[in-house]
Structures are given as C-alpha cells and as structure tokens.
Amino acid sequence: MTAAFFDIDSIISDPQTKIIICCGAGGVGKTTTSAAVAVRAAEAGRKVVVLTIDPARRLAQSLGVGELGNTPRPVPGLEKTNGGSLDAMMLDMKRTFDDVVIAHAPPDKAAAMLQNPFYDALSSSFSGTQEYMAMEKLGQLHHQAQANGSWDLIVVDTPPARSALDFLDAPEHLSDLLDGPFIRLLLGTARGPLRLMSAGFHVASSAMTKLLGGQLLRDIQTFVTAFETLFGGFRQRAAETLALLSSTHTTFLVVSTPQRDALREAAYFVDRLTEEQMPLSGLVINRVHASQLKVSAERALAIAEDLDPHAAAVEIEALRRHAALERAIDQERLLLDRFSAARPAVPRTLVATLASDVTDLEALRRVGVLLADKD
Amino acid sequence: MPPRHRLHIVSGKGGAGKTTIAGALACALATRGRRILLCEVEGRQGIAELFGVDRLGHAAEPRICRTPSGGIVHGLSMDAEDALLEYLDTFYHLRFAARALDRFGAVDFATSVAPGLRDVLLTGKVYEAVRRSDKKHPNAYDAVVLDAPPTGRIAKFLNVHAAVAGLARIGPIHGQADSIMRLLRSTGAAVHLVTLLEDMPVTETEEAVAALRPTGISVETVIENKVITTPLDDNQLQRASTGTTMLQVRGLTDQQNRLLTVEFADEAARTLQHRERHLRLTSLGVPLAEIALDPAGMDQAALFTIAEQLREQIELEAGP
Numbered sequence: 010m011t012a013a014f015f016d017i018d019s020i021i022s023d024p025q026t027k028i029i030i031c032c033g034a035g036g037v038g039k040t041t042t043s044a045a046v047a048v049r050a051a052e053a054g055r056k057v058v059v060l061t062i063d064p065a066r067r068l069a070q071s072l073g074v075g076e077l078g079n080t081p082r083p084v085p086g087l088e089k090t091n092g093g094s095l096d097a098m099m100l101d102m103k104r105t106f107d108d109v110v111i112a113h114a115p116p117d118k119a120a121a122m123l124q125n126p127f128y129d130a131l132s133s134s135f136s137g138t139q140e141y142m143a144m145e146k147l148g149q150l151h152h153q154a155q156a157n158g159s160w161d162l163i164v165v166d167t168p169p170a171r172s173a174l175d176f177l178d179a180p181e182h183l184s185d186l187l188d189g190p191f192i193r194l195l196l197g198t199a200r201g202p203l204r205l206m207s208a209g210f211h212v213a214s215s216a217m218t219k220l221l222g223g224q225l226l227r228d229i230q231t232f233v234t235a236f237e238t239l240f241g242g243f244r245q246r247a248a249e250t251l252a253l254l255s256s257t258h259t260t261f262l263v264v265s266t267p268q269r270d271a272l273r274e275a276a277y278f279v280d281r282l283t284e285e286q287m288p289l290s291g292l293v294i295n296r297v298h299a300s301q302l303k304v305s306a307e308r309a310l311a312i313a314e315d316l317d318p319h320a321a322a323v324e325i326e327a328l329r330r331h332a333a334l335e336r337a338i339d340q341e342r343l344l345l346d347r348f349s350a351a352r353p354a355v356p357r358t359l360v361a362t363l364a365s366d367v368t369d370l371e372a373l374r375r376v377g378v379l380l381a382d383k384d
Numbered sequence: 069m070p071p072r073h074r075l076h077i078v079s080g081k082g083g084a085g086k087t088t089i090a091g092a093l094a095c096a097l098a099t100r101g102r103r104i105l106l107c108e109v110e111g112r113q114g115i116a117e118l119f120g121v122d123r124l125g126h127a128a129e130p131r132i133c134r135t136p137s138g139g140i141v142h143g144l145s146m147d148a149e150d151a152l153l154e155y156l157d158t159f160y161h162l163r164f165a166a167r168a169l170d171r172f173g174a175v176d177f178a179t180s181v182a183p184g185l186r187d188v189l190l191t192g193k194v195y196e197a198v199r200r201s202d203k204k205h206p207n208a209y210d211a212v213v214l215d216a217p218p219t220g221r222i223a224k225f226l227n228v229h230a231a232v233a234g235l236a237r238i239g240p241i242h243g244q245a246d247s248i249m250r251l252l253r254s255t256g257a258a259v260h261l262v263t264l265l266e267d268m269p270v271t272e273t274e275e276a277v278a279a280l281r282p283t284g285i286s287v288e289t290v291i292e293n294k295v296i297t298t299p300l301d302d303n304q305l306q307r308a309s310t311g312t313t314m315l316q317v318r319g320l321t322d323q324q325n326r327l328l329t330v331e332f333a334d335e336a337a338r339t340l341q342h343r344e345r346h347l348r349l350t351s352l353g354v355p356l357a358e359i360a361l362d363p364a365g366m367d368q369a370a371l372f373t374i375a376e377q378l379r380e381q382i383e384l385e386a387g388p
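Order-wise, the sequence lines are chains A and B. According to our numbering, the stretch in the first sequence is residues 10 to 384, in order. According to our numbering, the stretch in the second sequence is residues 69 to 388, in order.
Quick caveat, the hints were computed from the structure, so don't treat them as lab data. All values reported here derive from a predicted model rather than from experimental measurement. Each hint should be verified, as a subset may be incorrect.
Between beta-carbon pairs, the in silico distance windows are [stated by the list, open to error]:
id : chain 1 : residue 1 : chain 2 : residue 2 : range
1  : A       : Q230      : B       : A278      : 36 to 42 Å
2  : B       : G111      : A       : H319      : 50 to 56 Å
3  : B       : H346      : A       : A350      : 36 to 42 Å
4  : A       : N79       : B       : G256      : 39 to 45 Å
5  : A       : Q230      : B       : L356      : 50 to 56 Å
6  : B       : H346      : A       : Q230      : 51 to 57 Å
7  : B       : S254      : A       : Q153      : 51 to 57 Å
8  : A       : R227      : B       : T158      : 25 to 31 Å
9  : B       : K204      : A       : A248      : 52 to 58 Å
10 : A       : L343      : B       : H346      : 27 to 33 Å
11 : A       : P83       : B       : A278      : 30 to 36 Å
12 : B       : D150      : A       : P126      : 25 to 31 Å
Beta carbons are placed, not taken as given, at the ideal position from N, Cα and C, and that holds for glycine.
Please model the complete structure; the sequences and the hints are all you need to start from.
Here it is, written out as structure tokens:
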C-alpha cells in the first residue's frame, strides 16, 4: 500500500494558495519545514512572508529574525531571479496582544489595561495566548497582504501545542472565557436564568476568592470591564480568521517523523482537520532513513562475522551500522504503510534524514528539494 | 527498604523519548513487591500507548504492568480541572458548589486565568500521591514517577513558589506550596532530563539546567537517549568521515563497497558530532546516563532493557 505523492511545488505554484499552515507534534521539524517551504516558494517567484513561533536560535539567525521585532523583515541571501521575495518574523506574543489593545481600545482605557496585573498574566502566560496571538498575527498579515500586495503567500509555523490543534480552539476558548457566564456573574451583568443562579454564585464566588485571592478577582473585574469594548472586535476577528482557515486559499501540511509517537499525533491532526473540514493538502514525513546499498541487515551482519575483528574494525563497524540502518528503514516503512492504509486519501512526501542540522539558507534549499522530489 | 528517591520527575525535549524513559524508570523501580505510580500531566495518553493498555482516567490508578522483577506499576493521567474539583471537595467540602462552579465555567476560568494554578494543582496532586506512604494510606506507593512537561517549560512547572505568587496568600494551595517546594529541593525528589545527542535537545537541556538552578531544585541525571555505541576511536571515525579511504569488504562488489564507504562517512561524521555534544553535556557537571539505541523499536521487552540500563547507571536504591 503506497500513499499518493504529495507535490509541494503544485501547491506553491498555485496562485490561489495564499496561506500554508504547518502543524504537527513538537520536535518533528515543523519550523524547518515551514522555513524550507517559504524559501522554495520565494525562489520560485512568490512574495512570501513566514511566521515562525519558536525557531532554534541558529535557524532564526539565518532567517534574520533575532529576539527583537514583531514585524516581518527581509531574509538576506535570497535568490530573486524569479521575482519573488521572502520576509520572516518571529511571533512575540505579548507585543502582539499589546498592539491589539492599543489599536482597538480608547487611549485612556488602553493605558489602564496594559498596566492591569491580570492583563500582564493573561498576555504573557495564559496557556492559549500564544495560539490565539499566532492566529491574530496571521489575520493581520493577511489584511496587510491584501491591502498593499506586499505578499501573496503566508507560511505559518504553528506553536508547539499542548494538545493537537490548540491553535484552532484557542480563539474560541479565550473568548468563551472572557465572555462566559462566570465573567458575566463576576460583573453582575447576568440576565435571565443565570440571574437566578446568583445564590449558588455567592458560594462559588467565595470559593474562588479563597482560591485566587480577592485582589486577583478585583484585577480581573477591572480588566474585563475595560476589555468589554474589545470583545466584539476579538470575537469578530477570531471568526474571520477561522473562516479564512477553512477557505480554499488556505492549506494545511501535517508534519511528522516516521516514529510511532509522532505518527500517532499526526493521525490525530489529520483526523481533526478532516472532521473540521479544513483543507489538508498532505503529509510531510521528515527524517526518513534511506540507503543506496541494497544489502540486507542479515547479510551485512553475516559478512561482518567472517571479518578479522582487529584488521577490519572499521569495515565491521560500517557493516553493523548498515544493518542497523536497514532495520530502521524496515521499521519506518511498516509504520508509514500502516498510517497510509488507514488514511489512503492523504498524500505524503518523504524527506530523508540529513547528516547535519539545518541552520542556513543553503540547507533550507536542500530540504526544499527533498520535499519536492518524488520519493 | 524504600527506594532512594520517592519522586522521580522526567522531562526532555519533545521527541527525545521522555515518556519511554519515564515508563522504563517506573519499571526499574518496581522491584520485588514494590508498587510504583507512573503519572502524566498533559493528557496525551502516552503512558497508555507505551504500555498498550486502555486510556487512563483522571481518578483511577489501574495496574498497567507487572515487571519481571516482581513489582507493579500503576498509571494515572492527571488533569488540572479534576484536581481543582478534588481540592474544593477536600478542603472546603464544596462538592455541590464545585459542581455549580464547573457549570459556570469557573473551573475552566480559574485554571486558565490564574498563571501557574494549573501547574500547582498538578504538582500538588503528585505531592499527594508521594505523601500517601507517610500517612499509611492503603493506596500508598513506594515511589512516584512523573512524566513531566518538556524541558522548555520544566523550570516554570516545578517552580511552585512563583506559581502561587499570584494566588490568594492564604488557603490550602498556597499553604501546600512550601511543602511541595521542600520535597522538590530535598533528596526525596530527583529530576532527570532526557536528551538526544542532537544540537537542539542538548541546547534545551543546557537551558533547563540553568533555569532550574535559581529554584534550588537540582538535576539528578541527564539521560542521553538513543545513543549509538561504537568501538572506533576519534581518529578512525575522522578518517572514515572523509569518505576518501575505500572500504574493502570481501563478499561485496566494488560498487557496494563504494556505497558502504559513502554511507559510513555520514554515520562516522554523525557519531563525531554526538561525541562533541556528549562533551558539552559533561561540562554541565551533572551525572550522565546513556541509553543505547534499540533499532528494533519500542515494545515491552525493549522497555525492560532500558529499565535495566537505568538501574545500572542511576543510583535508585538507598545506600546502606
């Protein structure tokens, strides 16, 4: 059972593709894949911006995105003969949130909000904020792209989600949280049946006070009061971004490695995207082992056994390694076949494991070639 | 005789094999007649998958494995919301109110908005499991192994004091933080960081060690996972990595020998890089343990093999 080949070049060259989202478990090379896709698209002539979340330091340096800056900057060293361009940025979640507040709240309220201790906590450590802000930034980049045509393709690297697809759920979670019944009770704005619950609420609220402390609850009340004017905007934009994500202009790549754990997560992503009717274009399998040498593990080990352990130490080691490689290849093939048998509609591309870390533009180009090559 | 540490916390970069090592460590501790609890915090059901058992619940602690050395491992998948409801019930007898709170979305609210509340609830739950043996609780364990959040978040997760700083100054959660912190800083608890000998995981391990230092929680071991062992020395590897000296294996054709030479050049280069990273980890001044790569993949036999390697390299038993 062989899965269909996933052709990244056909996705890149289709002008209708405006957004590519790379998702997958942590540690599977998601950021590298996003960057490689972005570089390949840009050198093929697309005007690309890549939004990375938490790149390894040296990859960030090679893309020209350091610690600073919450806005896209040109990537140095790009081949521009096809008329493309590449900007890169790293998400700064707190600054993105601050910008939203400053842009949408009245000036006097904005200042008060930015100083609120609860806001500080929410914008820097709330578990869903990073995902939410990644979506917010994506919305912003999309608007900017439409307004001034500076980009025609946005490539997004998703946050290392605690659970798969948190970034799809985060906007809803945050708005539910800030506009949910509990907040309305806290504010005393509950109406209808909720109003009748207020006796129970006193018990609830006093338990919360015991747990969270009166000061935190007061901060939350102040914050939410100030935040109310923003609710509409937040909800609306979250809804818009979700609509954008399920449109024909967006496509999702699920990134994995041929390991059991990573494939289990990938299966979850694939199923969830299918269930939500999100446009999934294919599966990228990174770090796939391969060998040109067609000698089985058993034969390699048998040959090694007949060699003189002293005189041929290097040869024996080379054969032993080859045997281990052959076994890894078999194991990976088995896992990948099983995955594809259960999900035959998902095309895939295999990216061979590299001898060294991907830390510069040249290496990203090589990854791009491996992505695009028919396996 | 009880084990040397009552709580083992296992962290590592995603993909480094953190859950596998945590599972193997639980098996290594589960010697004759011992009961060990293995818990996970992120609801990924990694434990159930590793041991090939049904999904773990938030409350039950079913037996998931009987080890060849005659011990038993139990499994638990912890959840912050459940832990909060449990707290409210235990400390305030708010069973009814807790349910009302849940309906209002208050539980979700509290665990979401109060920074660190989620973490302190989870560490609190682990602490409770560790403490059962002091209280002669019928459901006590000889040791608890925690499959903790990844290295990027571990210092924040374990720094319970910082987690409760934003919460009410009185109340059971705040009160418990001191006791949890005392346990984490004592020899009763041991933190293990799992890494591969790749650049990013090693960098993250260095960062985690540095981030944990100010909290007073020390790292017991750095566990190098999936290590490829070779009898060759640096010079032999160096020469092989250039790929210029053709390997001459009798029984292979010239073409096959050429391919083998090229393939082994990459392998040798990678091994040299691994040796460099091993040196980087050595300079952390934390004891290292090595788990060999098992090319056959992960199953229960492989898990017990890893458990055996851990037992040989990490001091799990109390001294005489």
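Against the structure, the hints:
1. For the pair Q230 of chain A and A278 of chain B, the beta carbons lie near 38 Å from each other, so the given range of 36 to 42 Å is met.
2. At about 54 Å, the CB distance of G111 of chain B to H319 of chain A agrees with the hint of 50 to 56 Å.
3. Remark: the range hint 36 to 42 Å for H346 of chain B to A350 of chain A is upheld by a beta-carbon distance near 39 Å.
4. Between N79 of chain A and G256 of chain B, the C-beta spacing of about 43 Å keeps the proposed range 39 to 45 Å intact.
5. A beta carbon spacing of about 51 Å between Q230 of chain A and L356 of chain B agrees with the range 50 to 56 Å that was offered as a hint.
6. For H346 of chain B and Q230 of chain A, the Cβ-Cβ distance of about 54 Å falls inside the hinted range of 51 to 57 Å, so the restraint holds.
7. Distance hint check: the CB atoms of S254 of chain B and Q153 of chain A are about 54 Å apart, consistent with the given range 51 to 57 Å.
8. About 27 Å separates the C-beta atoms of R227 of chain A and T158 of chain B, a value consistent with the hinted range of 25 to 31 Å.
9. Under the hint 52 to 58 Å, the C-beta atoms of K204 of chain B and A248 of chain A, about 55 Å apart, fit the expected range.
10. Taking 27 to 33 Å as the suggested C-beta distance range, the pair L343 of chain A and H346 of chain B conforms, at roughly 31 Å.
11. In this structure, P83 of chain A and A278 of chain B meet the distance hint of 30 to 36 Å, their C-beta atoms being roughly 33 Å apart.
12. At roughly 28 Å, the beta-carbon separation of D150 of chain B and P126 of chain A lies within the given 25 to 31 Å, and the hint holds.
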